[in-house]
Amino acid sequence: MIYEIFRQERKGQPFQHAGSLDAPDRAFAETYAKEFYGRRGESEALWVIPRESILEIEEFVDELNRNYHRVDGYSLKEKLKEARARAASAKGAGALSADEG
Amino acid sequence: MEEDVQKTLLEIADDELILGWRDSEWTGIAPFLEEDVAFSSIAQNEIGHARALYELAARDLDTTADELAFDRSPEEYRCSRLVELRLLDWERTIARHYLYENADAKRLEQLKQSDDSEIAGLAAKIDREEAYHRIHAQMWFDRLKDEARFTAALEELRPLVDADRTEHGPELTELWEEMTMVRRSQPAGTKW
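Chains Z and V supply the protein sequences, listed in that same order. So the first sequence is numbered by the numbering used here: it starts at 10 and just counts up by one. So the second sequence is numbered by the numbering used here: it starts at 3 and just counts up by one.
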């Protein structure tokens with residue numbers, strides 16, 4: 010059974026993926042994890058997780074390209090560009106202007 | 003240092019050196035990769051323990067650790083028959099590991115009580131590494147204890163734990179020749 014190992018560098022820090030190992034059961038996985046990732050005092054803590062326990066998500070619902078809920082979802086630059094383009098084409102088409110005519 | 007303390011130090015050092023050598027023979031051919039790494043690490047620890055013990059004994063005997071480890075003749079070693087066996091199957095190798103670690107634990111416990119602070123200190127340091135060895139041995143024991151081949155191996159090897167340390171088999175001579183081959187071929191006067 011494959012186990013994934015996550016290690017915490019220092020207290021309070023997030024656990025980061027460090028590698029994987031193959032072990033016949035939990036006791037072996039624990040011993041090997043300690044041997045490979047803990048013998049030299051290099052980790053504050055380890056998470057040893059059977060790979061099959063991990064729920065992996067790779068597909069996400071494709072929401073609108075620029076979701077205005079998000080901070081980066083409303084591009085002012087884009088909006089200005091569009092507005093200028095509209096203004097230019099309106100002018101070009103001989104749209105009303107108080108000064109002309 | 004009293005004679006019997008010195009004798010004990012050499013016995014442990016010889017055990018660790020020879021067992022370390024035997025255990026290292028599994029590097030590359032252990033049952034699976036993770037075990038290969040763990041077992042090799044154990045072998046390396048054992049050689050390290052041997053070296054530290056030889057250093058301690060050597061000072062009192064006015065010699066060097068290398069000379070103690072390699073320049074005695076096979077008959078002069080005081081390792082146990084248990085460790086000198088060349089075991090080509092995993093069940094006996096791991097059975098030996100289990101038997102040895104349990105016996106060694108008792109021995110180290112005694113050394114930790116020594117009046118000599120250096121010996122007690124070294125024993126404590128060695129014991130901390132041996133803790134990993136014991137966990138490893140127990141783990142295998144728990145997994146294999148219902149397997150006939152393993153229990154048979156344990157019973158076959160158990161009598162050797164306390165066997166006479168002055169009696170050695172031809173395997174120790176073979177091991178010694180291999181272990182000291184390079185050292186003995188060094189022309190007189192050359193330095194590494």
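Some hints could be false.
Short derived list, chain Z residues pointing at chain V, Cβ under 7 Å [unchecked claim]:
#1 L30
#2 A36
#3 T40
#4 Y46
#5 E67
Hints in this document: simulated from the structure, not taken from any laboratory. Every residue gets a Cβ at the ideal spot worked out from N, C-alpha and C, and that includes glycine.
Checklist entry - Broken hints, numbered, in rising order? => result Numbers 4, 5 - these are the hints that the structure violates, sorted from lowest upward.
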